[in-house]
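Top to bottom, those sequences are chains A and B. Quick note on my numbering: the first sequence kicks off at 1 and runs consecutively. Quick note on my numbering: the second sequence kicks off at 316 and runs consecutively.
The hints are simulated quantities; they were obtained by calculation from the structure and are not laboratory data. Some hints here could point you the wrong way.
Stated by the list, open to error - Simulated crosslink set (BS3-like; lysine-lysine; CA at most 27 Å straight-line): (1) A:8 to B:438; (2) A:301 to B:326; (3) B:379 to A:301; (4) A:301 to B:382; (5) A:176 to B:382; (6) B:323 to B:508; (7) B:407 to B:508; (8) A:222 to B:380.
Quantities reported herein were computed from a predicted structural model and do not represent experimental measurements.
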Amino acid sequence: MRKTGTQKEYERRIDAALDFIDRNLGDDISLGKLASVACFSPFHFHRIFSAFVGEPPAEYVRRLRLEKAAILLVNDVSAPVTQIALACGFSTSALFCRLFKARFGMPPTVWRDGGHENRKNEQPVRKGRKDISRRPAYHWPGRTNSQARRAGMIKRPVVRIEDVPPLRVAYVKHLKGYEDSAGIGDAFETLFCWAGPRGVMGPDVRVMGMPLDNPDITPKDKCRYYACVVVNDRAEPDGRVGIMTIRPGKYAVGRFEGGSAIFKKAYAYMYGEWLSRSGWQPDDAPAFESYIGEPTGTAKKPHFVFDLYIPVKPL
Amino acid sequence: MKTIDLKKSLKPFYTASASKPAIIDVPALKTLMVDGTGDPNGPAFQEAVGSLYSVAYTLKFTFKKEKAIDYPVMALEGLWCADDPSVFVNGKRDEWKWTIFIVLPGVVTKKDVAEAVAAVKKKAKFPRFPEVRFEKFAEGQAAQVMHIGPYAAEGPTIERLHKFIAAEGYRLRGRHHEIYFGDPRRSAPEKLKTLIRQPVEPA
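Given only the sequences and the hints, what does the whole structure look like? Please build it.
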């Protein structure tokens, strides 16, 4: 089904607002500013944004800021809490601490001192009710990644450090989580339909996926994923297709292969095990997956081969 | 979504032994073609490859989106000839004449191709756009062998294929045909796979 021109224009404008939020998370983002970026009046913008994104703009911005702060607290242990609060766009550290506690159930300092390990994206539980999510019988709480690896669950990949040049990519956003494979497939289809007639596709095409949120922190159905393809300088944005340059610099790169479950394992390995003994720390930029060939296997049981790129800086 | 598994249905024409040449009979297939002259490392050839793939992928994703039919974009193939065949030996690449093509599934029509070409011309902004055409290619009886290694080292493999053709009681006809499986920008030269095919007729 072709979308109407109006729908496309709405998507383009909301996209512009989402990009603006992404790039200005640390600064003041007012509803008026967002609305003007999207070329809507603030009143209409609020409703349209909520309808397209699934939550009101202010809530969306606050959630992203808190999630970014939660990651920075753990990744950048030397940075004072106040500095992180300000860098993530909170006007005072008191406000930040209150909102953080409301969202994650503990103050930022407790989160940093290991509290994040225990939480792992349990959705807020209402007072007076016990955690009703059952754990599978085979759950092995003390299991570490190295034990899992010895048990043959994760193959230890060879990780290399690669200097990535400023790659220009065209991308289509998917906002409904990494498990929504139909939605991710749709984003890629939109991207490829754009890329085909523009001479981007060929045997040497570089197709990438960029997950922007940590599913242990962001609600699973709200994780953002950008479907990307590398383009030349002539490419211009159009409709749902945006153009950006990926952060250049050092990345730790590991090759992974497997079914849909491999992505989670790959991230767990790179962030959980490899980084901690590498002499590097994660840099504040999104990781990305660079796919090697199209997925093989069937639509229900796909098989992926990809290089996982983690942005790093010296410890 | 309906899937047309061309790689499976056309498998006998895209696999070959590297050690033993064989005689096969190739059916008529729909293709996208671009013609040109000159060095395959030169700009004309690269532009031809660019416009061919742009149309091929535009068609693929149009079919997927609008007709719910999914099919793979097949390997790049090339037909080679020259007014004076000695230019292939003495390296006068400017005189090499080629037609590069990609095989399409039977469901694609001439009209689909014309629409895809128009879309590419409008959107790609190529400085030059070598003309892509729709053509049915009936190769018929042919001998083939797999060459593993760099393109420049094809000589002995081609010679071996020609000797096989003569020994089996055939003679050469038509244009020398190559199918490129590896991507020279990514694969190591010694691992590049190229299917070499020569149409034949009884001697």
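Unsatisfied constraints (hint numbers, rising): No numbers; nothing is violated.
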